[in-house]
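Protein chains in written order, with our numbering: chain A, 1 to 201; chain B, 1001 to 1246.
Please note: incorrect hints may appear among the correct ones.
Unchecked claim - Cut-off 25 Å, straight-line C-alpha distance, at most; resulting in silico cross-link-like pairs (PhoX-like, lysine-lysine):
{"id": "1", "chain 1": "B", "residue 1": "LYS1086", "chain 2": "B", "residue 2": "LYS1052"}
{"id": "2", "chain 1": "B", "residue 1": "LYS1102", "chain 2": "A", "residue 2": "LYS128"}
{"id": "3", "chain 1": "B", "residue 1": "LYS1086", "chain 2": "B", "residue 2": "LYS1047"}
{"id": "4", "chain 1": "B", "residue 1": "LYS1102", "chain 2": "B", "residue 2": "LYS1045"}
{"id": "5", "chain 1": "B", "residue 1": "LYS1086", "chain 2": "A", "residue 2": "LYS39"}
{"id": "6", "chain 1": "A", "residue 1": "LYS128", "chain 2": "A", "residue 2": "LYS64"}
Simulated from the structure, these hints should not be mistaken for laboratory data.
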Amino acid sequence: MMGLPLPARIRAVLTVMVLSLGLSACGINNVPTLEEQAKSAWSEVQNQYQRRADLIPNLVETVKGFARQEQEVLTQVTEARARASQIQVDASTVTDPEQFRRFQEAQNQLSGALGRLLATVERYPELKSNANFLALQSQLEGTENRIAVARRDYIEAVRAYNTELRTIPGRWIAAIVYPEAEPMQTFTATAGAERPPEVKF
Amino acid sequence: MVILAALLLLIPLAAIAQTFPPLTGRVVDAANLLQPQERAALEAKLKAYEDKTTDQVVVATVPSLEGYAIEDYANRLFRHWQLGDKEKDNGALLLVAPNERKVRIEVGYGLEGALTDALSKVIITTAIAPQFQRGNFAGGIDAGTDAVLSILTGDAEEWQRRAEVREDAETPFDPVAAFIIFLVLFFIISRMMSAGRPRRIGRGRHGPWIVTTGGWPGRSRGGWSGGGGFSGRGGSSGGGGASGSW
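Model the full assembly from the supplied sequences, consistent with the hints where possible.
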């Protein structure tokens, strides 16, 4: 290297730089980049589910104050929340189909129980006009909406990541450079989960 | 359920399938609910507020939600327009769909702490919906905008936040840009060095470099606004806010 005339050295350096630039342009970094994006979308999903779980005790207490006889629905919500919180969620959840299914099921059950609780509330006009309840209800609605957005972002991020892993050249690059990269699980539409609560009188 | 299923199916196509009105100003009255002078007054109010705080508050009316839930539509529209700064996400959108009788306040990530879901709901139920029920769209939109702006400027917590927001954020160092600049400089210098020699460095022409930086799928960030017209500055929203009907 030292013996080379200056322009040749420059050319050597340039070649290295062009090569690395070319490699990044052909997507050698795509797999980890998309993986990180999918992971951060996943943590947002968890975040928003956690936010919902944090709202529930307060909601249950408020409803209790007005509708003590609705013990059954209230218990269901509390239990569903406990079950959803019990599920250990870590980095492997997104790549393990069984774990992911359990997480999704528990959250869906909680959604269902919450829906039933809010439907019950319709029978208590006093509760419905309670300022504290109204604030909680709008927070809950907002959180459900954030969950929907976070899930949408996650589905999209995982789609991009899984596509990269399954198509060429990402598939070859992953096999050689990132052998530990695994496709991630994604949400499926589940019956009853996102249906707005039915109101019956 | 049906909406969710449709939503899931539409995700890859969403960017193509959905059409949004262009962001022509701080008031995009695609449903024609406002008189020109009302529009101008609202626009001036929002501009004055943005000049003072850098928060981008935009009012939009649409003739149709194209079959989407207003929550979904508002979030996509917000992201399409990229309201608020890229770093601060300090945008808010008041969306009115008169034909579906739906209204929503969509709040960017950075304003969620000030303009909470509960407060947004209160604005909709007390300031906006009663006016809309009487058919007074201009009055409802104006009252709603005033309420949003007053909450955003009002309480102590908000001022705390503003104090943080005000500090001019340093432009983050972009390694890709720096690398390109480095490359270009290198190329120029090496040409200059070899200028005395007949042989050209780097045979042939140099095509344009295509550098892909990792974009955030589904959440389009970035976008540079040139001077002149009004545009979003790369902000995003995660579905904060509230909606209502009348």
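Against the structure, the hints:
no.	hint	in the structure
1	LYS1086/B x LYS1052/B	18 Å, holds
2	LYS1102/B x LYS128/A	21 Å, holds
3	LYS1086/B x LYS1047/B	19 Å, holds
4	LYS1102/B x LYS1045/B	24 Å, holds
5	LYS1086/B x LYS39/A	21 Å, holds
6	LYS128/A x LYS64/A	13 Å, holds
Against the hints set out earlier in the document, no violation occurs for any number.
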